[in-house]
Amino acid sequence: MREPLVRARGFSYAYPERDRRALDDVALELEAGSFTVLAGTSGSGKSTLLRALCGLVPHFHGGEAAGELCVAGLDVREHGPAELAAACGTVFQDPESQVVMGGVRAELALAVEHRGEPPAAVARAVEEVALALGVAHLLDRRNDTLSGGELQRVAIAAALVHRPALLLLDEPTSQLDPVAGDELIWLLRRLNEEWGTAVVIAEHRLERCLPAADRVLAIAGGRVACDAAPSDFLKWAAAEGDRLTTPLARLFSGAGLEPPPVAVKEGRERLRGAGLAAAAAPAGRAGPDGHHSLGARIGARLGRRSAAAAAIDVRGLWHEIEDGPVVLRGIDLRVAPSERVALMGRNGAGKSTLLRLLKGLEAPTRGRIEGAGAVALLLQNPGDYLIHEHAIEEAGSDALSAAGLAGREDANPRDLSGGERQRLALEVALAGQLRAVVCLDEPTRGMDAASKRALHRRIDVLAGGGAAVIVATHDTEFAADFADRVVLMGPGAVIADGAPADVLAGGWHFSTDVARVLGPAARALTPAQGVAALLGAGTDTQQTQTAPPPAAQTPRELVR
Amino acid sequence: MKLVPVYRIGSSPLHAAGAGPTAALCAALALVCVLFEHPLVLAGVIAAVIGAGRAAGVGAQIARSLRLAIPLAVLMVAVNALVSGAGETLLVRGSSVLGHRFDITLEAVAAGGLAGLRIAALVLAFGLFSACVDPDALLGLFRRLSYRSALTATLATRLVPVIARDASRMSDAARCRPESPGRAAVARAALAGTLDRAVDVAAALEVRGYSAARRPARERRSWSRHDRSVATAAAVTAIGSIGLLVAGAGAIETAPVLVMALGPGELALTALPLLAVALPFAGRGARLGVTHA
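Those sequence lines, one after another, are chains A and B.
For the first sequence, my numbering begins at 283 and goes up steadily by one.
For the second sequence, my numbering begins at 2 and goes up steadily by one.
There's no promise every hint is true.
Which stretches of chain B does chain A cover? Using the computed rule of at least three CB atoms under 8 Å from a CB of chain A, they are [to be verified]: (1) 168-174; (2) 179-191; (3) 195-202; (4) 213-222.
Simulated from the structure, these hints should not be mistaken for lab results.
Virtual Cβ for every residue (Gly too), placed ideally from N, Cα, C.
All chains should be modelled from the sequences, with the hints used to inform the complete structure.
This is the structure we're talking about:
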């Protein structure tokens, strides 16, 4: 019988000076060549399991380990990360912290050089992995000139250069835009299929990686709570609540359709099979390229101009870097009080720069910003706001309560989870004062569903208090959920501005899974909207069963 | 704006040559600055560095280094003029503070100027080194001698801008607070963040086999024409300047009165770095078939 690549039996682990076990009686087997997704809420033990698989736990972090965990025949309690490195490559969340050399070529060569390979073998390994991962054109670039997506690809190439049997990835897409994130997942699938490399990936955005996976391990409280194929995992997750379900699973569950689909294509086919097919976009609605009609745009713009007072009004805003590129090119943006705006666009489009200008962290080269009051800004890294030893020193007790951290006054902010840090940092930026505008830059990075819901509630409260809330985000599902307006930026300019359904329903990358399945004509972005659209179509289906539709009406239109 | 140049891939002979020859040329130029205080010789080195930088396509980076060098040079002149007081040609009679008389002499100003010129020349030579020498390739040269030390040096070089960005982000976050938390608190948090970053990098190195790293295999690399010409320029500069020093060229006295030799030896010393750095850029070989490093 073939020995599994990973075998755990009763493996438990506790970090130093912690009573609670981060991993508790873990039992699992992973076959060579498998593609496994680790699902779980923040703090469930996903990252710890990955760190145990590569030997950092217990050798690097210390603590106590018990039971058996073998990777490629090596027991991680006896063999450290350097020995396990021959069998597994590891990629962490922040590519900036795992790139150690100055240039890409040297970065890729490092792991092979550590093994004492001769120069010719090093050169060949670098060349092959660069070609396989599509980074050959980056070989002569310096690491500090790479984008986040490029750097993450280089990190993966560096982890794979010695052709390990197992690749471990801890939320590798959390720092990437949707385009780069999707590309990365499909790159991993290709590596898995062509090279037979076993992949274990921890991700919060399950909808992104479930279609590529063979298997899902759900971790809860340090234990394996579910070990199943993706479709079976979704059934299990639906029974457990909606903490680990995907938008498509919620859509199908809400519409009473079983079983939930794993991928968009599968969902579309199921709907077609059930007689609920997407229709082409009618005139005046969002088209498949994401543009909406001139009338709709003029209407939206006029509506905004007629608003009595703007929370913030930006006109002709330019930002040009000295000796560098033009970041913003004549941005016009008017946001009303209580309006919730999602600012979207790929990396480098200028979203963060726009928020920095609104806050006054940088001065525009040209243009005007008029605000109705103070602007609060939460930058991308919430940890940057937390500079004291205790949470209570960062913000008052009222703020801690607002952040859902009552009773955690003495906690060190560095020990809080990502979502908790995010909420505390927001309260630090707000400082208990009423703000005319609240800007959040990528607040959902690395957040689980529960943390996103908590953030959504806080945004509701802020907007309810009259603040205009502007959120720069790559998370289309979150944008569709909280925003009543989406501003899509291209390189330095606004390329679409309207209601979420107008901008996102017909998008390719800037769209939600529900919209992809139901089609642009449905104008449904969230599972709830999708369920409403499907139920409307269901009624329509019943009606048409008695009166056959004319041929021109197929495929069935889902617009209510 | 970055005052210290950063290496980027280029297509000049200085970039095409290996890290060893180009680093040796920069070191030879620095050696001239260390050996001589004569203003003509130092001016020759500065002209050589600026010329080489322009020819190598890093003129803008060298110009930025100049912005760092000039204030340093001016500071040297001011400090030396105020503190030294050596020399017989009194320019300004100052008052006495705590028993020290702050007279400004021509010789002290000149000595400060020469020190400033030397600092400026050294900064520019380092700028040329930073702009044209691949730090990873330089690491490769020292790898067989002391692998871990060389890797530590590379890591430190790589992490400096990363940590600077971290500190800049924390400073921005502090500006986003309604009340500034104070520089000490931000600095303390930045230091803690640096330690976190260091731990992350250490973990990344561990999972790439660092603690079991073996001594790298020897690499035998044939010398290209660019390697040869740049190495020759370095050797000519170093050997020529040492020879002229032994011959007594470049002598200068700043106290008690300013005495400066100006003969064929000094002219040769001035011309030496200029001619040497021109060598890699001269001839058909420099223009044709220049490859990327």
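Okay, the hints, checked on the actual structure:
1. Counting residues of the segment 168-174 of chain B whose CB lies closer than 8 Å to any CB of chain A gives 4, which reaches the minimum of 3, so the coverage claim holds.
2. Coverage of the segment 179-191 of chain B by chain A holds. Counting CB-CB distances below 8 Å, 7 residues qualify, and the rule asks for three or more.
3. Only when three residues or more bring their CB closer than 8 Å to a CB of chain A does the claim for the segment 195-202 of chain B stand; here the count is 4, and the claim holds.
4. For the segment 213-222 of chain B, the stated coverage by chain A is satisfied: 7 residues place a CB nearer than 8 Å to a CB of that chain, which reaches the threshold of 3.
Every hint, counting from the list given before, is met by this structure.
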